[in-house]
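J.: Residues per chain, in single letters:
Protein chains: 4
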Amino acid sequence: MTPTDVQNQRIEGGFKLTRVGVTGVKKPVNVLRNGRNLTLTATFDLFVDLPSDQRGSHMSRNLEVVGEIVDESLEKPVSAIEDLAAQITEKLLKRHEYATCAEARIRADYFMEKRTPGGRKTIEAYRIEGHAINREGRVERYIGVQVIGMSACPCAMETLRAMLLEEYPEFDECIREIPIITHNQRNIVTIKMQIPEGYSVEAENLIEIAEKSLSSPTFEVLKRDDEGRVVYEAHVNPKFVEDVVRDALHLIVERYRDFPDETSVSVKSESEESIHKHNAFAERTTTFGELRE
Amino acid sequence: MTPTDVQNQRIEGGFKLTRVGVTGVKKPVNVLRNGRNLTLTATFDLFVDLPSDQRGSHMSRNLEVVGEIVDESLEKPVSAIEDLAAQITEKLLKRHEYATCAEARIRADYFMEKRTPGGRKTIEAYRIEGHAINREGRVERYIGVQVIGMSACPCAMETLRAMLLEEYPEFDECIREIPIITHNQRNIVTIKMQIPEGYSVEAENLIEIAEKSLSSPTFEVLKRDDEGRVVYEAHVNPKFVEDVVRDALHLIVERYRDFPDETSVSVKSESEESIHKHNAFAERTTTFGELRE
Amino acid sequence: MTPTDVQNQRIEGGFKLTRVGVTGVKKPVNVLRNGRNLTLTATFDLFVDLPSDQRGSHMSRNLEVVGEIVDESLEKPVSAIEDLAAQITEKLLKRHEYATCAEARIRADYFMEKRTPGGRKTIEAYRIEGHAINREGRVERYIGVQVIGMSACPCAMETLRAMLLEEYPEFDECIREIPIITHNQRNIVTIKMQIPEGYSVEAENLIEIAEKSLSSPTFEVLKRDDEGRVVYEAHVNPKFVEDVVRDALHLIVERYRDFPDETSVSVKSESEESIHKHNAFAERTTTFGELRE
Amino acid sequence: MTPTDVQNQRIEGGFKLTRVGVTGVKKPVNVLRNGRNLTLTATFDLFVDLPSDQRGSHMSRNLEVVGEIVDESLEKPVSAIEDLAAQITEKLLKRHEYATCAEARIRADYFMEKRTPGGRKTIEAYRIEGHAINREGRVERYIGVQVIGMSACPCAMETLRAMLLEEYPEFDECIREIPIITHNQRNIVTIKMQIPEGYSVEAENLIEIAEKSLSSPTFEVLKRDDEGRVVYEAHVNPKFVEDVVRDALHLIVERYRDFPDETSVSVKSESEESIHKHNAFAERTTTFGELRE
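Sequence lines, in order, name chains A, B, C and D.
Residue numbers for the first sequence follow our numbering, so the first one is 1326 and each next one is one higher.
Residue numbers for the second sequence follow our numbering, so the first one is 1326 and each next one is one higher.
Residue numbers for the third sequence follow our numbering, so the first one is 1326 and each next one is one higher.
Residue numbers for the fourth sequence follow our numbering, so the first one is 1326 and each next one is one higher.
Calculated from the structure, these hints are not laboratory results.
Keep in mind that the hints are not guaranteed to be accurate.
Copies of the same chain look alike in the list, so a pair counts if it works inside one copy or between any two.
As the list claims (entries may be wrong) - DSS-like, lysine-lysine: derived pairs with alpha carbons at most 25 angstroms apart:
hint, residue 1, residue 2
1, Lys1446, Lys1351
2, Lys1517, Lys1351
3, Lys1537, Lys1416
4, Lys1351, Lys1341
5, Lys1446, Lys1517
6, Lys1401, Lys1341
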């Protein structure tokens, strides 16, 4: 007896579903970037929509698609995970003949070689995301990065300057001049933006923008002089989460100045406050057009 | 010397910000529900928007507002965390005189006394969420619940029926009749819906709807007979994540049939598949109007 | 037909098991502390051992025990979760007649009213843990606290002092005198210690010890002057994770000086470094006797 | 001015520290296994001990050591992360001349090609851990694996058999014969064991042992027939967490029968119960000698 294709059952009075699929699928993906072959440990979420009269989506097809794409990447490494996501949505639409919309989201740790302020080589870890939504063949691609850096509070710095001036009136000139103690902490910047058709955006550039928007980037290996320079840098660049978001937005509209007005972009900064048990947070979610007004 | 109010600095060429505030603030909240006084361990996220020409938001005001509201709850317990969220947004708008929009999100573990199929009393744990967005005095309130239950796969059940029929042709009648083995697993249902002005929605009712939409609710204490009935119930009610979402939507539009068309609602079901290392997922995000079409 | 008691099956060539039980059981618990009635949202892990010839442990008995103890706490609130843990292990040993060892671990968020340096009232969140191991009636009780505070790096402060002296030779005296910029960050202190029979330890006291060992405690509500004093305090008290652990150990052996030598204690400090993406960590796990040498 | 080496300060009345170091360091590591070159995204924790009279440990040396080892792995890929951990501890002891003990712990996602019951190729994800403790040159190496699979409850199966027999007396023979419905769920098996000097243990073999001890392994891609066979397999192999741990222990002592008695081993099974919101758990932590008694 052939078992019923339960997914394929027709139902009455059903509702269509926005997204049906799988989350948390882990696979190694081969990527070719700047002439270097990398293996990313990637996590995939994959969805299609479902019409109101069909009972279920054939979920195993999602896994077959990922399997094929990942196998192909062994032969012919992809250059960008947002393009991988776009390819996956095309295959998803073909396999799920009842679907009008497919979505793929890929996240991975990503490593870049950096130089500390003193010039030492270090490998830094970031999170990247490729995301594609395919509505009947029209594909929207998005790229995202998550960057851990450092922010130092400009408000507490001025409060402390005033406190020190009161306590040490004899050092007035010095205290007005030098960088003053404040609270500083880990700050996580998340940038996610649309990539218009025919354009490309490198994750490395968004990571660079995020690091420039912070009080200072951070590094895994810091010998004493490097550590001093990072702390100094952060204190001559004190930033609120609000400043971090705005500075990133400025750098983005400048760098991608030929991108169309309807390109969407979102920037977040979350500061794991050293003086509080909670976080400070700022966000702008908008389009290039609104930022240009 | 009075330190500069750095937040209050005027800036040029700035961008307005969508949300500025604090995340992950933990506080105990007193709640009065059905004549019972409860203390919830709640986590708050609080935001206001920020105009383009102001450097920073005064974050400590957010914490003062939460502190006051929580203190007041000691005297006069609130009945619903979405109303608490709404009250907070009103205070936030008053304190942040530059803001046009305020948002509060409150999440907590919530316990309900339940009866197992065999009638034993048990305390079950859920997650609830109260959420309010206040745009210049116009408040949108949302309530959310997250419910862990059980789903059994209808497709694998039919596959197994066919397999067993082939292996045990002599038991044909029995195998066609009785509930057949399949994979079953934890399934997390998330319902979030708007509460139109002048209406109310009880978290307990949404929890009940979620549990009815699953193959079976689950329980912390199950003696042997209870356990048997839960497993039986799940297998005579096999459900895809798609079924769970649709059944919850049916129960919601039926129960809240007088709610206006523009009321928004989102239902998700995530199944921690016992036969896979990844999850299965279904979602519908829509309005009551679209569901009524 | 009565179903087989599968757990009770005798097996041959089996191995005894160290711990069999349940993890992640959530329940509200009523606690009476300092005359105040509190409801904690607690998470329980419960285990017994299992002899080599018995197939399974009766897990539902663990849940019944928790249910009874929690019900009793409604009538007669417990004063300490480590005593609750001890009571649970006694009941576990009675119910699991085959067990020689029972263990209970209870964790919860815990709130204390504190005063900021400027005297403002604030509610602060901590984690507490009660833990008991009962070997054939001989009970060991443990209490644990987890405290989020702030640490400022003493090494970077001296590096920066040297850098500033070089850059601003004219301010030599000032730079040698005032607190100098450094990196600071969230630091999580975990203290766990045994409570000898006949003695008691208050979670509040361990929380106080943890906060004194940090560069500064942190607070949810900080107006500008308070914030200034917290930052100042942290910078006149710069601490490595090593310093935090040692200072907590000093305070512990001093405060509990009448505790017997065999009392075990563990102190950890984990600093979420603002200049790195990784954490710094220090730990000492030992006995009072070794600390007194 | 040379800044003070604050770490190197001599202190009086200090306590020695058990572990001082860094946690959560992420790096890509090149591994050569079975002729295949792999890149793992690894997370490192690194510690040394600290004598009572020295204020601080030089944490940046830990990062330098990881950096060097990882760089070397680009040229000459390592074959096992427990050997990598052992190499790191040797370097740590050399760099921290004051330390008598060094420890390294490396965790990573690890992928293996598997065949489904129907013979389809699939890539499955696991977690592996390499761990080494070096006490003055005497190195202990440990290897760990974490495997997600499926367990089906043998007790509920017999309860349901009895229930069905009562409900369907006419199908007595069938119900006694065929596999009967029960609850099944994700089960996470963790094996960690010592590797005696001169011996080696392959992570792949421990993964295989874990999968054999479960009711069934799980797979990312399952077409209908495969899915049927996995569900069938799980139900003819119903297992408690207790059974899973014991079966893994049996396979371990058999496979590594030439390992010395003092070799330590720990096996855990945690079942994310589909009928409860909490987990079931079993553990045995012991030595080969005790298992052989």
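J.: Work down the list of hints and note, for each, if the structure agrees.
T.: We went through each hint and held it up to the structure:
no., hint, verdict
1, Lys1446 to Lys1351, "between (30 angstroms within a copy, 15 angstroms between copies)"
2, Lys1517 to Lys1351, "both (22 angstroms within a copy, 23 angstroms between copies)"
3, Lys1537 to Lys1416, "neither (38 angstroms within a copy, 35 angstroms between copies)"
4, Lys1351 to Lys1341, "neither (28 angstroms within a copy, 36 angstroms between copies)"
5, Lys1446 to Lys1517, "neither (28 angstroms within a copy, 35 angstroms between copies)"
6, Lys1401 to Lys1341, "neither (37 angstroms within a copy, 44 angstroms between copies)"
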